[in-house]
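Here the structure of chain S is known, so what remains is to put chain P in place on it, guided by the hints.
Chains as they are written, first to last, in this note's numbering: chain S, 1 to 303; chain P, 1 to 340.
I should point out that these hints are in silico values taken from the structure, not numbers from a laboratory. Note that CB positions come from ideal geometry on N, CA and C, so glycine has one too.
Here are some chain P residues the structure puts well away from chain S; computed CB gaps all over 12 Å: (1) 237; (2) 271; (3) 319.
Restraint-style ranges between C-beta atoms, simulated for each label pair: (4) 105(S) / 264(P): 16 to 26 Å; (5) 7(S) / 264(P): 51 to 61 Å; (6) 40(S) / 167(P): 36 to 46 Å; (7) 244(P) / 285(S): 36 to 46 Å; (8) 179(S) / 292(P): 49 to 59 Å; (9) 109(S) / 305(P): 36 to 46 Å.
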Amino acid sequence: MTRLALREQAEAGLDIMTDGQIRWHDPVSHVARGLTGFRIEGLLRYFDTNTYYRQPAAVGPIGRERPVLVEAFRFAAGEAAPRPVKAIVTGPLTLSRLSRDARGRGRHHLTLEVASALNRELKDLEAAGADLIQVDEPAPAWLPADADLLRLAMRRLVAGLTSARVILSITFGDATPLLAELATLPVALVGLDVLAALGRMGAAGATCDGAADLGTRLASVIPPGTGLLLGVIDGRNTRLEEPNATYESRVRPILAALRKGSEPVPEVHLAPNHGLEFLPRDAARAKMTALAALRDRARQEFA
Amino acid sequence: MNDTGPHTRPDAPEERALPPGLLLPLSTIGSFPKPERLKRARAGFARGELDAESLRGIEREETAACIRLQEDLGLELLVDGEMYRGDMTTYFAENLEGFRISGLVRSYGNRYYRKPVVVGEVRWSRPVTVEWFRFARDQTALPVKAILTGPYTMMDWAFDEHYGSRESLALALADVIRREAEALVEAGARYVQIDEPAISVRPDEIDLAIRAMHRVTEGLRARTITHICYGDFAAIYPRLLDLPVEQFTLEMSNSDLGLLDLFKTSPFTKELGAGVLDVHSHAIETVEVVKNRILAALKVVPVSRLYINPDCGLKTRTPEEAEAKLRNMVAATREVRQTL
Numbered sequence: 001m002t003r004l005a006l007r008e009q010a011e012a013g014l015d016i017m018t019d020g021q022i023r024w025h026d027p028v029s030h031v032a033r034g035l036t037g038f039r040i041e042g043l044l045r046y047f048d049t050n051t052y053y054r055q056p057a058a059v060g061p062i063g064r065e066r067p068v069l070v071e072a073f074r075f076a077a078g079e080a081a082p083r084p085v086k087a088i089v090t091g092p093l094t095l096s097r098l099s100r101d102a103r104g105r106g107r108h109h110l111t112l113e114v115a116s117a118l119n120r121e122l123k124d125l126e127a128a129g130a131d132l133i134q135v136d137e138p139a140p141a142w143l144p145a146d147a148d149l150l151r152l153a154m155r156r157l158v159a160g161l162t163s164a165r166v167i168l169s170i171t172f173g174d175a176t177p178l179l180a181e182l183a184t185l186p187v188a189l190v191g192l193d194v195l196a197a198l199g200r201m202g203a204a205g206a207t208c209d210g211a212a213d214l215g216t217r218l219a220s221v222i223p224p225g226t227g228l229l230l231g232v233i234d235g236r237n238t239r240l241e242e243p244n245a246t247y248e249s250r251v252r253p254i255l256a257a258l259r260k261g262s263e264p265v266p267e268v269h270l271a272p273n274h275g276l277e278f279l280p281r282d283a284a285r286a287k288m289t290a291l292a293a294l295r296d297r298a299r300q301e302f303a
Numbered sequence: 001m002n003d004t005g006p007h008t009r010p011d012a013p014e015e016r017a018l019p020p021g022l023l024l025p026l027s028t029i030g031s032f033p034k035p036e037r038l039k040r041a042r043a044g045f046a047r048g049e050l051d052a053e054s055l056r057g058i059e060r061e062e063t064a065a066c067i068r069l070q071e072d073l074g075l076e077l078l079v080d081g082e083m084y085r086g087d088m089t090t091y092f093a094e095n096l097e098g099f100r101i102s103g104l105v106r107s108y109g110n111r112y113y114r115k116p117v118v119v120g121e122v123r124w125s126r127p128v129t130v131e132w133f134r135f136a137r138d139q140t141a142l143p144v145k146a147i148l149t150g151p152y153t154m155m156d157w158a159f160d161e162h163y164g165s166r167e168s169l170a171l172a173l174a175d176v177i178r179r180e181a182e183a184l185v186e187a188g189a190r191y192v193q194i195d196e197p198a199i200s201v202r203p204d205e206i207d208l209a210i211r212a213m214h215r216v217t218e219g220l221r222a223r224t225i226t227h228i229c230y231g232d233f234a235a236i237y238p239r240l241l242d243l244p245v246e247q248f249t250l251e252m253s254n255s256d257l258g259l260l261d262l263f264k265t266s267p268f269t270k271e272l273g274a275g276v277l278d279v280h281s282h283a284i285e286t287v288e289v290v291k292n293r294i295l296a297a298l299k300v301v302p303v304s305r306l307y308i309n310p311d312c313g314l315k316t317r318t319p320e321e322a323e324a325k326l327r328n329m330v331a332a333t334r335e336v337r338q339t340l
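Excised from the complex, chain S in its bound form (with noise of 0.2 Å):
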């Protein structure tokens, strides 16, 4: 299934793939049962969707006795070569947000033990070839008031990197209004639900004036060398973006200000607002066309 998923990325012509992530049973189950220190328990829904993860119950010094994620990205570049593939980790605020802490020490004790832990498997990650790993971050957006602690947490996280670039995806909602915040944090690229952050702005969201204004103020505030992976395609609906009008209204003026508001020009990489496995296969390969379709127009006018 690896294999299939890999393939069907490379088809739809996605320059940087995923392992798919076949073998995750849940985002959150799957990295804490790899850890020392969590027990997992029962079945919650996860986020807003339906769908369900096995909550990990922090019972005791959490750490890492061993790689949980090295040995699937090594099968997966190997298989996807000359492609590159970007390797995913759940992040420490979300991991220990989702957990329940019976240990009774804290969120903010048990946030950065993660960090800790993860630090390791990052760095393993990156002894296996990964350039690009992605920490995936739902909660914050969820929860704003824990950016001190996201900051925090990322620090300890990617701690010791020589090679590998980091990208945080704030997925699960507009991050916008934690810019600021995520604009100071040691990652190569910020990752942001466009469609979430366009949707809150009403009906102008919807407009060329809506998406070139998020463009305006991402480019005010992303610093010079950090670059942005855009959620532009919808990943949690079947409705199918129809590519000129979603690049006319929705990526094209993102671009455009972004050329216009900083120097230099930031590495962006487009992708859909959230991981494809909310969606119906047919319907997932239809988004990662559209999406493709979307990057040929951005190269032609950008690149």
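Just chain P now, with coordinates in the frame of chain S:
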């Protein structure tokens, strides 16, 4: 897709209620495990190897068996067991106008289901569950609770390709579900449960969920119940109590009865159907464990307002597990009743 129900005699509705003064009435949430032969028949039907009428026949037999099982176990407010339903939203979507059904989507691990896609205006053109309600009622002298999926959950668990607004879709669905609820009441349903499991995950939309539920229950001539599970109750409590229903059947055992602590912060003012069986666990709770859960609930909600049921639908358990769990739930409830 026509004639989704079994054939029953169209007699005058007969109203049935729980005996007055019955303490801790025993019920379930709605779904029972599908027996192997029914699973095989459904798969055969999906592959085109079995015709619709043959499948209906098996569904009827298994519905009747499910009613007998509930009577034998000693349950008091029965359900039809949902032998004829697949997923709780997809089933309704298949039988209402405005939907198509998606390819497989994952729910957890290696479990998949087909999800509704709204592709046009949603409309109710004929009863969906009424014939099954009648059929189940005809198998027993006990009251049968009708089970519907609520408008907020139908909205949240569908892909929307038509409305483009969560509010418009939820309210349109509320009008559709209201029609179905009225048809059930017309057919004699005295207890109507409108499931809203999705309500607990988006605290910012609780007002929309309440407005939608108003459209379904306002003035409905039946006892109204809602079922909610697996979410962040703390974020919507006590606002949750403003949902216009008389009873809440809630998942409690999967979360170690944490809800009861929440109800200590602000009193639970409605009837509570306390979930005393963890339906996500293979382990069969002992009578003692269930008894303690009931006693814990009694400390927070008065006995006059307490009902006893599992956390959630039983369809994910094996028939043997479901039966053993329910047997202990009934035994524990009877033991507690003797102490009251």
